[in-house]
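**Q** These are the residues of each chain, in order.
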Amino acid sequence: MLQYIIKRLFQGIPLLIILSLALFLLMMNLGDPIATMGGRTLTRPEDRERLMRQLGLDKPIAVQYLYWLIGNTWTKIDSDGDGIPDKNGTRLGILRGDFGTSLVTRKPVTEMIGERIPNTLILMVASEIVTIVFALVLGIYSALRQYSTLDNILTALLFIGYSMPVFFISLMSMYIFAVLFKKWGWPYLPTVGMFDPQVGKTSAQVLWHMVLPVISLSVIYFAAYSRYIRSTMLEVLSQDYIRTAKSKGLPRRQVVYVHALKNAALPIVTVIGLDLPFLLGGAVVTERIFAWPGMGRLFLDHLSRADISVVMGILMLVATAVVIFQIITDIIYAWLDPRIRYN
Amino acid sequence: MKRNLNILLSLVVLAGMILTACGGAAATQAPSSNATEEPSTSATEAPAPTEAPAENKVATFIWTQEFTTLSPLYASGWFTTTTQQFWNCWAWLYDETNTPFPSLVTEIPSLENGGISEDGLTITMHLRDDIKWSDNEPITSEDFRFTWAMTVDPKNTVNSTYPYDKVSAIETPDPQTVVMKFDAPFAAWLILWKGIAPAHILQPVYDADGTLDNADWNNNPTVGCGSYNFAEWESGSFARFVRNDNFYDEPAKINEIFIRFVPDDTSQTNALVAGDADLGLFVPYSETPKLKEAGVTIMTEPSGYNESWFFQVSEEFSHPAMLDVNVRKAIAMSIDFASFDRDVNLDVVKVPGSFWDSLPFYNDPAVQPYPYDPEAAKALLDAAGWIDSNGDGTRDKDGVEFVIQHGTTTREVRQELQAVAQQQLAEVGIKLEILNYDPDIFFGSYSDGAPVYTGELDIQEWSDAPAFPDPDIYYWLCSEIPSAENPSGSNSFYICDEELDALLQLQATQLDPAQRQETISKINQIFHDKVYWIGAWQDPDVWAVGSRLSGVKFSGVSPFFNITEWDIK
Amino acid sequence: MTTASSLPVPQLADDLSTPSLTLWQLGWLRFRRHKMALFGGVVLILLFIFSFGGAFIYTEKYANFNDTSQRLLSPSAEHPFGTDSIGRDILARTIYGGQISLFIGFVAVLIETVLGILVGALAGFYGGAVDAILMRITEALLNIPTIFLLLVMAKFFGGKIPDIHIGERAFSGSVVVIVVIIGATSWMYLARIVRAEFLSWKEREFILAARATGTSNLEIIFYHILPNTFAPIIVSSTLSVANAILSESYISFLGLGVQEPTATWGNMLDKSAKYLDTSPWLWFFPGMLILLTTLGINFLGDGLRDALDPRSRTV
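Residue numbers (numbering that gives the first Met the number 0), protein chains in the order written: chain F, 0 to 342; chain H, 0 to 568; chain L, 0 to 314.
To be clear, the hints were calculated from the coordinates, so they are not data collected in a lab. Be aware that a few hints might be false.
What the hints assert, rightly or not - Not everything, but these chain H residues come out facing chain F in the computed CB check (under 10 Å):
#1 N155
#2 A449
#3 T453
#4 Y473
Claimed, not checked - Pairs of lysine-lysine residues, derived as DSS-like cross-links and limited to a Cα-Cα distance of at most 30 Å, are as follows:
#5 F:K106 / H:K131
#6 L:K60 / F:K58
#7 H:K396 / H:K349
#8 H:K568 / F:K181
#9 L:K159 / H:K377
#10 H:K165 / F:K182
#11 F:K247 / F:K200
#12 F:K247 / F:K261
#13 H:K430 / H:K193
#14 H:K568 / F:K182
#15 F:K182 / L:K60
#16 H:K193 / F:K200
#17 L:K273 / F:K181
#18 F:K58 / H:K154
#19 F:K106 / H:K291
#20 F:K106 / H:K568
#21 H:K252 / H:K552
Every residue gets a Cβ at the ideal spot worked out from N, C-alpha and C, and that includes glycine.
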């Protein structure tokens, strides 16, 4: 098992490096990070030259990539603009844990991401829990009561939920629960940010502000998951060993939850496990609509300013998380299913 | 049977949504009441916004763009420089008429009081002796020298060394005197000293690190010299400033300023309408009626900016028609900017006739914008030889079709203007191709192949200003034309007009306002006569002031100049 | 007493046997029974008629005609869907926007299907190093959330492709960009499915037989194995159209999609966010159209999946 893990990790590393190279090349044509540094007017020409040099943007792509990967402490850079390299650089490179500094805010990228990760995680974990709970309930119910009236109603509703663009759900829920409710004088849900500044960042505030974004995010996911759970459960319920359990006279509850669900859990766990790391990316569209200060918004804001360091930092973080989670999921899968053994 | 039920139910749900939309469509815009809206399930006992206890007055401002840093050295964006007015200090501020008045200095240097030398190469400032930082350290000339030295120091990655790079040296004969030396007269010297850095805090940091780039003070300015002190900043959410009780002038009335960051104008409007915020900025004109109905006051303050159409006039790059000044006049007369401003910008602003529209001193007599006169435009085009000889709806001459390109960013109101302009130009037989780019691509550099520099854009649009309140401009200088040898040139219009060039260079050196006014008036006239520039709409700062605030005045240069007088009713 | 042998033997077996059905005929029979799928199909046909047929009622010139004094009018007899922020008729814009949105959906899927089949077939058939490399690339792309990849690529290609003129009409170059990037970021799922199919099919005896008779590899891939994999490919592609249309609307909503003046349902929704409460008709109609399209496709795809499932032979 340990051998397997190590082998997978080794396979993952070249993958990440190739990915980083491809992404870095894409970054080069994203636009000019210096373009908007002049504020409301164009960046002045003298400043542009100086900034290019100071931010290391005047070097060829290959060199920029190298510095990003392994830093520049081993080489001299021109720190005072006279054209002669004099001092050693201070960057460590991403392989040594230095994600670089943002071209826009000059703050370390790790700090900027670190500020936003908790916000994204709160939102996404809550959405995931809501999704899983609802999907399980609906999926199992649908499987047990296949083709009943309620099943059909739910299927139709889920199809609709599954087909809507996420921002349509957000806009509609904003319209109903915030705009209309307010108009009718009912207590209404907030639509901006994580908390009300007058009140402060209390748990109650955050929870209250989370309702609309979580609704938007979960609808699509639990629509998809519940269908998947339903079909998995149906497949499992038609197996011989379930028929055996029923004919043995075991109580319904035990048959479903102990025998059927345990076996259905495998593919469900796989799907959830593989989706988890994508939570880190945040939900770009939802965060933008609700002004939620998460990773998705950070990505969007800095992509539009061509801030290479931050964008690469986020992408590589998510990619690494995906690789790690894939390995973890495989291990859990093997642990749950005694038929699988990795050599 | 069961499947039919599915279909029926789908239709029912869809019908439900249609009804929802109908219910909304028929509704009017006015919010029902000013009832306080704390959610009933909230566990905390929060005071409702309209009933803040009198002891702790908190004003909430909405920023649609988060500042990237708080440091005056690394400041660039407007939100960044403006926020500094709370906790940092300027040498002189500007009142609501944009006239400078002394703040840190005893009086503004001039030729009369000897502050400016005869040859214009030395400017002396006398500082007040009662000014101090929030930690009680006095503000001295050393702070000024330090600010200048750090800005021009190549080890600091500041966004712009301008205007400090015009100062060749600073002498500090005593703690209250700052002597600035120049190599050449710098007419726009008033734009210096918008914020200073504390030498006693940052000099040790510089000595230790060799640079100020990573100084903690940049994002966490524990020491300031303004009427408020920085308290905290949570990225993506908010920032807080509390009153500086050590302030050397009259302390502010409002205890705390809370700045909230929102992603777009819609959220800003919602917050203002709901009464969750007291101040908003750069409110789109289309939102103004909704705000006014909610009791919010809209104040516009000229800040020098005008939404501008810049014409590219270059033999090498431009469409041949664009080289003819009468053709450019025809274009100016084919577009009904006035109606657009009335309908889409809701009549909040007018069409500016001059680049110096917000500086009446330099726009006297005021140049008038070209009238909307498609018939006259057609006549001019006919006379210039551009006729539709092949009946395809577009004029042509010598086998060249009159097809030109217009480029700007992706901002919605600009795209709307482009669509309207395209239609109106089509009516006079000119085909306008529309191009849009993200701002960081559009405003990129010549070496990056930014669209404005490739020569493919016959008309370029963005909002720009002179160095307000100084009338200085530099884009149209011949020396600013970019090329492989001069990649950082900013003359994306490729205009090299000798008369204009001479006047532009002259005005930058004229310290005497009367002489300068004369020069700028000539430039103003050239812009109009040769149609190098036309205005689409004035672009003042549009402030939305909530009903709780009183005593609020704005300046186009230093918007929060009287923030100590603001109060909450 | 009569014996069985003196009576004529009825030809029951031959007379009563049903003709054997191909997979396609079987699929069609089962599909017809699937009411939801038929409903989905009908909805899609209606939407096509709306978008492409509507062009005969409203000219494109009318769709682009703006008059700022007529802005933001609510639905009325003259403008059944209302007008937008510069006075353009929304019904006409949704017709032309629909053409682009549907076009993007189908062409992106075409690209995606071709890429997915190529990669999956080669990886599954050849195995070994080819498989390893292709699968690493596939995995690498799958490791990035699609929306991030779309955003980065949209920014990368932004503004680089000039307007396209076909006949009388002009299309923003960004349509090509969007089609390409959606196609280029969603082929991975199909590649995996095709690869799995190829892995299982290539071990069958008839393939061994084909090899034994000297059939070239390419012929085996495209004429022998591939036709057997059409069923899952069709299902996957159908569902991908919905995904492509949704992706286009997401990128447009974030401002990086198709640029003005070309309208799509997605960028119409983007412009409507500002007027959420004052002019709900701006977002309602394009949003509903997207919803109906994806709903129809999902019903259709669901039905196809049930109908073409080769393991189930019931009618």
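**Q** Does the structure keep K159 of chain L and K377 of chain H at a Cα separation of 30 Å or less?
**A** Since the Cα atoms of K159 of chain L and K377 of chain H sit roughly 34 Å apart, the hinted pair is violated (cutoff 30 Å).
**Q** Can the restraint linking K568 of chain H and K181 of chain F be considered satisfied, given a maximum Cα separation of 30 Å?
**A** Since the Cα atoms of K568 of chain H and K181 of chain F sit roughly 25 Å apart, the hinted pair holds (cutoff 30 Å).
**Q** Is the straight-line distance between the alpha-carbon of K273 of chain L and that of K181 of chain F 30 Å or less?
**A** holds (18 Å)
**Q** Take the C-alpha atoms of K106 of chain F and K131 of chain H, compute the straight-line distance between them, and say whether it is at most 30 Å.
**A** Holds, at about 29 Å.
**Q** Would you check the hint for K182 of chain F and K60 of chain L, treating anything up to 30 Å between C-alpha atoms as holding?
**A** The given pair, whose Cα atoms are some 39 Å apart, is violated under the 30 Å limit.
**Q** Checking one constraint from the list: CA of K252 of chain H to CA of K552 of chain H, max 30 Å. Satisfied?
**A** holds (15 Å)
**Q** Compare the distance between the alpha carbons of K58 of chain F and K154 of chain H with 30 Å, and conclude whether the hinted pair is satisfied.
**A** Holds - the C-alpha atoms of K154 of chain H and K58 of chain F are around 18 Å apart, at most 30 Å.
**Q** Take a quick look at whether K106 of chain F and K568 of chain H sit within 30 Å of each other, Cα to Cα.
**A** Given that 30 Å is the threshold and the Cα spacing comes to 39 Å, the pair is violated.
**Q** With a cut-off of 30 Å on the C-alpha distance, tell me whether K430 of chain H and K193 of chain H pass.
**A** Not satisfied, since the Cα-Cα distance of roughly 46 Å exceeds 30 Å.
**Q** Holds or violated: Y473 of chain H as interface residue toward chain F, Cβ cutoff 10 Å?
**A** holds (8 Å)
**Q** Is the hint on A449 of chain H kept, meaning its closest Cβ partner in chain F is under 10 Å away?
**A** holds (7 Å)
**Q** Could you grab the alpha-carbon distance between K247 of chain F and K200 of chain F and see if it respects the 30 Å cut-off?
**A** Given that 30 Å is the threshold and the Cα spacing comes to 56 Å, the pair is violated.
Checked against the numbered hints listed earlier, the structure breaks hints 3, 6, 7, 9, 10, 11, 13, 15, 16, 19 and 20; every other hint is satisfied.
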